[in-house]
Every structure is written in structure tokens, then in C-alpha cells.
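Assemble the complex: chain Y is given as a structure, and chain H must be docked to it using the hints.
Chains as they are written, first to last, in the working numbering: chain Y, 20 to 653; chain H, 20 to 653.
Think of the hints as simulated: they come from the structure by calculation, not from any bench.
There's no promise every hint is true.
Since the list can't tell identical chains apart, any single copy or any two copies may satisfy a pair.
As the list claims (entries may be wrong) - List time: in silico DSBU-like cross-link candidates among lysine-lysine, alpha-carbon distance up to 35 Å:
{"no.": "1", "residue 1": "K625", "residue 2": "K512"}
{"no.": "2", "residue 1": "K337", "residue 2": "K53"}
{"no.": "3", "residue 1": "K74", "residue 2": "K96"}
{"no.": "4", "residue 1": "K376", "residue 2": "K412"}
{"no.": "5", "residue 1": "K308", "residue 2": "K63"}
{"no.": "6", "residue 1": "K512", "residue 2": "K76"}
{"no.": "7", "residue 1": "K240", "residue 2": "K337"}
{"no.": "8", "residue 1": "K344", "residue 2": "K282"}
{"no.": "9", "residue 1": "K240", "residue 2": "K512"}
{"no.": "10", "residue 1": "K465", "residue 2": "K63"}
There are 2 protein chains.
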Amino acid sequence: MESAITNSSSSLKGRGVNFSAPRSFFRKFGSKCKETFFPDDPFKPISQEPNGLMKTKKLLEYFVPIFEWLPKYNLQKLRYDVLAGITITSLAVPQGISYAKLASIPPIIGLYSSFVPPFVYAVFGSSNNLAVGTVAACSLLISETFGEEMSKKNPALYLHLIFTATFITGLFQFALGFLRLGMLVDFLSHSTITGFMGGTAIIILLQQLKGIFGLVHFTHKTDVVSVLHSVFSHRNEWKWQSALAGVCFLIFLQSTRYIKQRKPKLFWVSAMGPMVVVLVGCLVAYLVKGTEHGIQTVGPLKKGLNPPSIQYLNFEAKYLPMVIKAGIITGLIAMAEGIAIGRSFAVMKNEQTDGNKEMIAFGLMNIIGSFTSCYLTTGPFSKTAVNYNAGTKTPMSNVVMGICMMLVLLFLAPLFSYTPLVGLSAIIMSAMLGLIDYEEMYHLFKVDKFDFLVCMSAFLGVSFISMDYGLIISVGISVVRALLYVARPSACKLGRIPNSVMFRDIEQYSAAEDMLGYVILQLGSPIFFANSTYVRERILRWIRDEPEAVEFLLIDLSGVSSVDMTGMETLLEVQRILRSKGIKMVIINPRFEVLEKMMLSHFVEKIGKEYMFLSIDDAVQACRFNLSTAKPEP
Amino acid sequence: MESAITNSSSSLKGRGVNFSAPRSFFRKFGSKCKETFFPDDPFKPISQEPNGLMKTKKLLEYFVPIFEWLPKYNLQKLRYDVLAGITITSLAVPQGISYAKLASIPPIIGLYSSFVPPFVYAVFGSSNNLAVGTVAACSLLISETFGEEMSKKNPALYLHLIFTATFITGLFQFALGFLRLGMLVDFLSHSTITGFMGGTAIIILLQQLKGIFGLVHFTHKTDVVSVLHSVFSHRNEWKWQSALAGVCFLIFLQSTRYIKQRKPKLFWVSAMGPMVVVLVGCLVAYLVKGTEHGIQTVGPLKKGLNPPSIQYLNFEAKYLPMVIKAGIITGLIAMAEGIAIGRSFAVMKNEQTDGNKEMIAFGLMNIIGSFTSCYLTTGPFSKTAVNYNAGTKTPMSNVVMGICMMLVLLFLAPLFSYTPLVGLSAIIMSAMLGLIDYEEMYHLFKVDKFDFLVCMSAFLGVSFISMDYGLIISVGISVVRALLYVARPSACKLGRIPNSVMFRDIEQYSAAEDMLGYVILQLGSPIFFANSTYVRERILRWIRDEPEAVEFLLIDLSGVSSVDMTGMETLLEVQRILRSKGIKMVIINPRFEVLEKMMLSHFVEKIGKEYMFLSIDDAVQACRFNLSTAKPEP
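Pulled out of the complex, with its shape left as it was, chain Y reads as follows (with noise of 0.2 Å):
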């Protein structure tokens, strides 16, 4: 009964097991490393560079990418550039003032911090489609995490917290960015992204009743409850001239949207769309006297560039937890933004884009933007289509907007003083109307009832609690997700397809054959503590459930990855609980990290080298010779 199986049978050679010496710790430590956080391996194609000036060329293009295009720019190039640069300056100029009105803050701020980051973005970013500007979700979050209060009291200070968060924003994703830390956005999943933007394009849609409304009054929470009450609840206050002047500019806006949709060609009237809105708006609170009538405009724009707003960055140990908080949050949420849409646009152009790359240069922006009076800033996606759509070629558009913007800055910022606020809110509306992805939406309910489950978590808890609660949900269920895709590694059981050495699923396969007297488990994963228990459980229920005696229990372990302790324990367990039932155990396939590791701790010992296999069929060639014959076929 005990007898070995013999591997050696001549038509076998050397396709058994490689039973080599392990590899040193630091050789496998090192390979670990190098996969965790250099997958695409950035430095290789330097360090193949002959001499040492070549070498430092190649590391400068690396870090700073605007030396490997700049000098291959050239005037065709210059041609698109400009005609995308100044479109995005005219949806930069309406969403500046816009966000800024939403985070709460001056509208010039908004104005600002198109002008200054979009030339850092342009030295140190790898995108040649992102446009750098700010974003509705994020400017809504800051006012959310120091509390609007706040910005009544002491609207100084409260704009002095928001440079110093932005200024935490930067430093945070400049260091994951140069730590090579990018996996952590990639915790951020497509559909908690999805149902974040629905949950914050709702709750941001309905703030804008108050500008459509004109409401004086108006609450300082952002959830869909508190808000819908606090708009019915003021129903005194409702301006039917400020709806109806929001509702036409919204109507235009949208039809702006439905050409661009039908004619794709015909993008730039959508672009050009929001700056027509704040254009007649001012023309028309000016004519008619606007202010004196009672039409809530942006109020004093002063010409200028940016003031230096480092003297006011504020350490003070009181408001520094929320400073970190709203600085850490905010800037992941910018990052996991800009980085997908940078990365759609480029799959879309088959261009590449480094997320550690891209970390970085945002951080460097958002960093010099709170030395000169910019908040947040990232690549918003409205913008980046804008400017995809305008053909640009290189991050030099960035460079045309913020030339652009200067000039705004410098001579033409007071006209925008008369911009009434219900076309910011039709402008704000109508954006926000196109971030509500319900085809994505009713894909995932299609196709992954857990995916659409962390989606909706996100879009119901953004809507119905706040944002950052939103998001923290949606991202824990999805890391319990990932934890139970380790606790509950997909197994299966084996059967022979037939005329063939392959064997597969035979739930999924309904033509493989069960073989008598065998049982071929593949398991799926890394067997370790956090699922050994399960590992255990589940191969002595499929050797329970075989209605004939088992005399070969065949693991197939080609996908597991790798093994830790208490996972070499419990096959070893298993191996002892099945030996005292007659039950012979084969290993088929461990793979380099696993077999290392079962020889290091003698299990290849423990198990005996003659059951191990390369490949389920060599493994069931070899057990044939030994299977009982004594029991009769049924």
C-alpha cells in the first residue's frame, strides 16, 4: 500500500520536477522588489545606453519628460497646440470661477489656478492629451471638510487651510509618486469611481438649485435630504426670473452637448458653449443694471497675476488633522482622477502614460500652486476631452492655456465681475449632467452584481451621507473583496477531456471524465494562513462526497503563486489525514516560488520526490501502475 510510485519509467525523462538548489533570499527579495514597484521596469532601456552622458540624457528625458519632446517639437505640431489651448482657456475661464464657488472660496482663486500649474504639468507630466485645471468633485470636498462655517467666519483663514491642504496634497502625491506607491490609486476601482462622480455630480447638481433658485438662504450639508428641504423649505425666497434664466441657459448647454454628440467635428461649440453663457450673462447684467434688481453676480475681479501665498501655508496644530485630512483625500481622489482620464485618452492614441510619473508632476504642481495662490488642481475630464477633441499634440497646449489665462489675468478679469451666478449653476448643472455614467451603471448590474454593489455603495453613500463616508465605504467592501478572493480561492475538480492529456473543470466541461479511483483538485491562488483553513476543509469534503474509494488525491498547483507556513502545514495535514485513510497524495506542478519554499522546509522530503509531477498526466500515467486492481469496475 505504501509503496512508491515510480517516476522513472524511461518515456518520462526529463520532464520531471526541477529539483534544483533554491534561490539566495536576496536574489528572490531583490526580484520581489523589482516586481512590487517596477513592473514596467522604467530604467532598463538606460541602463542599456553605452556612456555615461548618454546615460544622464536618458535619466534627465525620464524624470523631466519635457526634454524628450521639446526638441522634437516643431511648427505643425505648434499649429494644433495653439487652436487646443485656446479652446481650453475658454472653458477654463467659466469652470474656474465656477469650482471656486463651489469650494467656497474668491472666484480669482479659480482664475489663478488655471495660470501657474498648467506650466509645471507641462515640464514634468507624460501626458500629451491631459489639460490641467480644477475639478467640481474635490472643490466641493474641501468646503465639505473644513465646514462652510468656517468660511463665513473667517474667510482668510479658511483660505489660508486651503493653500496649506493643497500644499499637503502635493507633497502626499509626490511622495507616492516617488516611492512608487501608485498601487494605492488602483484601490480607488473603476466602479467605485463611476459611483463616486454620479453620487457627486447629484449632490453638486442639486447645490445648484440655489444659484437657479437665487436663494439666499441655503444649507451647509450636501446631502440629497438636507439640501431638497432646505430648497423647499425657502420657498419664499424662489426667483421665477433666476429659473427661467438658468433654465434657458441649461437648454442651451445641453443642445451645445447634443451637437457635439451627433457631429463629433463640432466639438469646439460645446467647448466654446460656457464661455457664450458667462458672455451674454455679463452683457445682460450689465445692461440692465443687474445688481441693483437684485441678480446675485461673481462680484469684485481684480486684474493681476497670481500673488505669492507661501507666508500664509498654516501649520498651526489645531487645524492641522483636518488640513491632512482634507489634503490626503482630496489629492487621492484628484490623482485617481487624472490619471484614469489621462490614461483613457492615451489608450484611445496608443501612447502610453507612467502613473508614478504622472504622481508626481501633479505633486510638483499642486506644491508650486499653493506657493502662488492656486487650490487643488488635477486633469479634469471634461478639459482633457476638450483638448483631445481639439487634437492637441503635447503637454504644450497647457502652456498655450496658461498664456491665455495671463492675459485674462492680466487685462480682461474685471469684465467677468458681472457674471451672474444662475449661468455659473447652468454651466456647473450642465457638466455635471454629463458625469452620471447610468450605461456603465446598468453594464456592472449586468455583468458583475459586486462590482455594481461597490458602485452604487459609493454613488448612495456620496448622495445620502457625505462624500468622504461615500468613498470610504465603497473602497472597504471592495478590499473585502479582495480579502475574500484570498480567504476563498476558486477551486475545481479535474476530469479527462476526452482523446487528450488535458484536463479541465468538470463542472464547466461536461464532457471531461471523472477518472475512477483518482481525484484531481486544481486549486486557484497563494495557499496561505488567511485560506488554509478553507484549503483543508474543502479537499476532505471532495474526497467525502466521492461516491467510489479514492486511492490518489492529485493537487494540480499550477495556479498557485505561492505558499506560506501555515499553508505548507496544513498540506502536509492533509497529506497525514489522507494517508491513515489509504489515500496517497500527488503534487503536480508547484510553481518556482512554491517549490523553493517546500524544499527549504523539507516538505519535498516529507512528501517524497517520486509524488511529484510535472504535468496531471505524467502523474496519472504513474499512478495506474500502482492503482489497486483488486476492486471490481462498476
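For chain H alone, coordinates are given in the frame of chain Y:
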């Protein structure tokens, strides 16, 4: 270039991927839930019973194991169980008194705790080897959580809070068992427990220096630095008589352990050791009128059985957070120790224990215990080992111990009031010396550096910070590792093993031949949001690193147990990027769940059914017809 691969050659008939309709959501969900919560499928044997009466009987036997083993009980088994029960009682008395001292509660509570809980376990417990009792680590952890000051200032309140914490522990353990969340215990890995036990042993050993040196003043902290500082700063209190007695006791106890190690049949020598120390100590203290000469003794022990304590449970809001924290942390540790130990001994006898059933038994034991003046009990290592060695056959040995403890409480308790504290310290020290598993730590260091790190973080964390922080740090590191497993799944490049249809890792098998024009990759573990960026980067790097032009990328998904929306989009993105480079992507052997999702999300249509194969060999053969032959062989 874009023509499809012909997959319909007659030799491949019936060997293609099975594209039949996906399962319904509810079927998938049901099977997932079953795998998650009932991996051992406990109700299957019950549902197979023919009639209702038998079903009820089986169900009762399942939930209350005593109904299963008591009807088969006989005198032969009783003989062993009585012997084992008496042996563990001789250990229970000194351990009960000692560990109650560690928890800063009256010693009689320790004796009470060995009376009621064993009866409860005998009814509901499923392990034949487990002996119920108090444990050193949890006893110290309780006093650490509540703070020793409270035990001095208001001993009655302190005791009531400990009963309440025991009740919470019981409730928590019962709930986990009932909800089948036994997997939570799995997150305390073997390495964490080894380190935690070792660290606890160190700090408990050092605590005993108080008793050994007969100190009166001592620190309330448990970390190594504070305790050693306290011992050496009170040198004036050191009593050489006490130290001498302590060392003698310790040498005696260690010799009995040594005897047991050399001759396992003499296990009772070691089991009786602590009782001998107590009796000798009592005798000496009584004869020399020790209390008058400054020998510290246990103090008055009243005759009589456990008084009810249900009326003392204290749920005041002021103490509740502390009580819940103590209850849950000690509950988790006690459970992990009890289940792990029960299981290790069961494996030696080829028996099975059911983790979830054990949790329910522990839970009931602690709930009823908290009503009857007992504190936290579980299955401690030392007692269980003695029970096993004494040849116990069923949980009846716990009943015998309970009866013996009853006799002790009714008639002998006052005798033990003379026990000198130095004797108890020696008993605890001797027990702790056995809990530091140097060999296991060295083994971890040799085999798995990461497991060693996890172990050491618990060991050093407990020794130098505190027990709960040590545990949290160690579990935190383990979870990060689990997340890294999923965030950085091992992937490898395959080559053909000569003269076979097997494809294996070329790094592992140097004989495996790289195939010109093909890149064959094997992915492990699920592809989902946390690792999709990595997977994309890694695949593109392999393509980039290939010296020759690549025409086909074959991705073997055998090891990929599931995929989410982000993962699916990543695969599509890779395909789009490759297509622009003229490389075709081929999918090999998608598993059941993965294929279902691929079909639901129309991935299959986007990739093309003709690009999906059941084995690498089939794919290579089919691709060969399409491989451009214009390129000259090197």
C-alpha cells in the same frame, strides 16, 4: 494580417472552449455563499437521512455533540477519562490560582472557572482532547486592558467588569460560530500566534520576578523595559530566601518536564509537578508559620461552590467601550488558541474538529461562566497536552475534572490558602518557558522571511509595547501581505518542454524552449481592480523585452479564478494596444466564472471566439498556420 485564426480543424473537434450560456445570478450567488460559509458542507449527511425523525436526531447530534458520543459511551472509555480527568485537575488547581493572580482577581475565581465551564464544554464541544481552563496570556491581557490601578482602587467593580467582559466574549464567540465566520480566526496566522505566544511568555516570565524576589512595589506596565527597571530599582526589597525557594521550585518543575520529554510515558510526573510544589509550599508555609515571617501567601479561600454573578454584569456606558474591547480581543485570542490546539491534537489522532462548532461551545461556556462567577476560559495548551497524554477518549474527562473541582471547592479550598506566592511564580515561569518556540522561529527564518517578520513583529511588539499593539501590528502586516498577494500576482513566461505538449515557466525550467514569434504568459490569481494596472504593465514589459518581433501573445488564464469589470477592461486595453502593434492576443482556458463574465460583458465577441483555446498547444498549432513566414529564421 487581421484574418482570424482557423480553429475548426478536425483534430481539435470537441476540444474548444465551452461557450454555453452562463449560469443565472442566483445560482452563482448561492454557490458562492455555500463556498464562503459552508466549505465543509455540514448538513449534507443530515439531508440524506430518509425520514424526519432521523433528520431531527442527526440535527440535534450535530448541534449538541454529546448526543452523538454519549450513547456509544462505555466503561472502557470511562476508565481512561477518569484517569485523564484526575490528572488535569491536579494541574487545574495551581494554574487556576496562578492565572487569577495574573488577572489581579481573587484566586478563588480561578478555581470557580475550572468547575462550571468544563460541564458546558462536555455538552457542546466537538473535540475529544481539549481540556477547559484559564489561560495566562488572556489573564494578563484582561488586567492590562482595565489597568491594575482599578483592581486596587475598586476591586469589586473591577471583578464585575471582568464578568461583563467574559459575557461579551461569550456572546462574540457564539455569534461568530453561529454566523459561520470562523474565517476571522484564520487571520491570526500560525506565525502571528507563535510570536504572540513567545512575547507573552517573556512578559509573563518577567512579571514573576515580583513573586520570586518577594517584591512589594512593582510597576503596572507589562513591557520588558518598565518591568526590568522596576525590578532593579527596588533592589532593597529583594529577599534571598524567597529567591532561593523560587529557584528550587523552578529546578524541580523543569526536571519533571525534562523527564516527560525523555520518557513521554511519565507525563504524569510533569502533570503532578505543580500540585507537588503547591502542597510542599503550603506545608512549609504552615509549619514555619510563614505569614508571620513575611512569606506572601495566596490568602483566604472560602469553601463552597460558585455563587451566581449574573446580577453583577455591568453595562454602564462609562465602562462599556473598555469592556467590549477587552471582551472581543481576549475572545479572539482565546478562540484562536483553543481552536488551533484542539485541531493539532485531533490531527494526531486523525479526528476532525469543527471550528464553528467549537466557537459556539466556547461562547456558551463563557456566557454561562459569566453568570456563575467564572472568568474567561478556553482550551489551554498545557492542560490539553496533559489530557491527550493521559489518554482521554471523549469530552467526559472534562466532566470528571468538573466533579473533582467541585470536591476541591466544597472541602479542600481553605488548604490552598497557605500556598506561597513564590511557588505560584515558579509554576507560571515553568509553564511559560515551554511556550517560547525557538525552533519554530528559526524554522520560519530559514524558510520564509516574511513569516518571520510577522512572527517577530508580534514577539517584539508584545515584549516592548503591549500585548494588543503587538497583535494588531502583526495582523496588520499579515493583511498587507495578503493584499500584496492580490495586488502583485505572480505571472511568468512559459516555454515548451522539449518533446511534450507541456508549457512551463522558463525561469524554473531551463530546458523550456522560447518559441519564436510567440510570447506565452501564465497569470495567477484573480485579475481585478487592485492588480489590473500591474497586469497591464507587466504584460507590455514582456512584449517590449522580447528581442524578436512578436506576432502572438498567448495568455494562459488557467490560474485566474475570477475577474472583475476593471480586470476585463484591462485585458481589452492590452488587446487594443497590441493590435496597434500588429500583435494578436489569444486567450487560453478561461475558467468557469471568468468565461461567464467574459460572455456577459461581450468580451468574447470583442476578442473573437476564434482567439480562445482550451490549451496552449491547441493555440500554438492554430496560430502556426497564420504566423508570417516572410521573416527569415535567425
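Going down the list of hints, with the structure as the test:
{"no.": "1", "hint": "K625 to K512", "in the structure": "both (25 Å within a copy, 30 Å between copies)"}
{"no.": "2", "hint": "K337 to K53", "in the structure": "neither (41 Å within a copy, 51 Å between copies)"}
{"no.": "3", "hint": "K74 to K96", "in the structure": "within (28 Å within a copy, 80 Å between copies)"}
{"no.": "4", "hint": "K376 to K412", "in the structure": "within (19 Å within a copy, 65 Å between copies)"}
{"no.": "5", "hint": "K308 to K63", "in the structure": "neither (65 Å within a copy, 82 Å between copies)"}
{"no.": "6", "hint": "K512 to K76", "in the structure": "between (56 Å within a copy, 32 Å between copies)"}
{"no.": "7", "hint": "K240 to K337", "in the structure": "both (23 Å within a copy, 31 Å between copies)"}
{"no.": "8", "hint": "K344 to K282", "in the structure": "neither (43 Å within a copy, 62 Å between copies)"}
{"no.": "9", "hint": "K240 to K512", "in the structure": "neither (54 Å within a copy, 54 Å between copies)"}
{"no.": "10", "hint": "K465 to K63", "in the structure": "between (42 Å within a copy, 32 Å between copies)"}
Comparing the model with each numbered hint stated earlier shows that hints 2, 5, 8, 9 do not hold.
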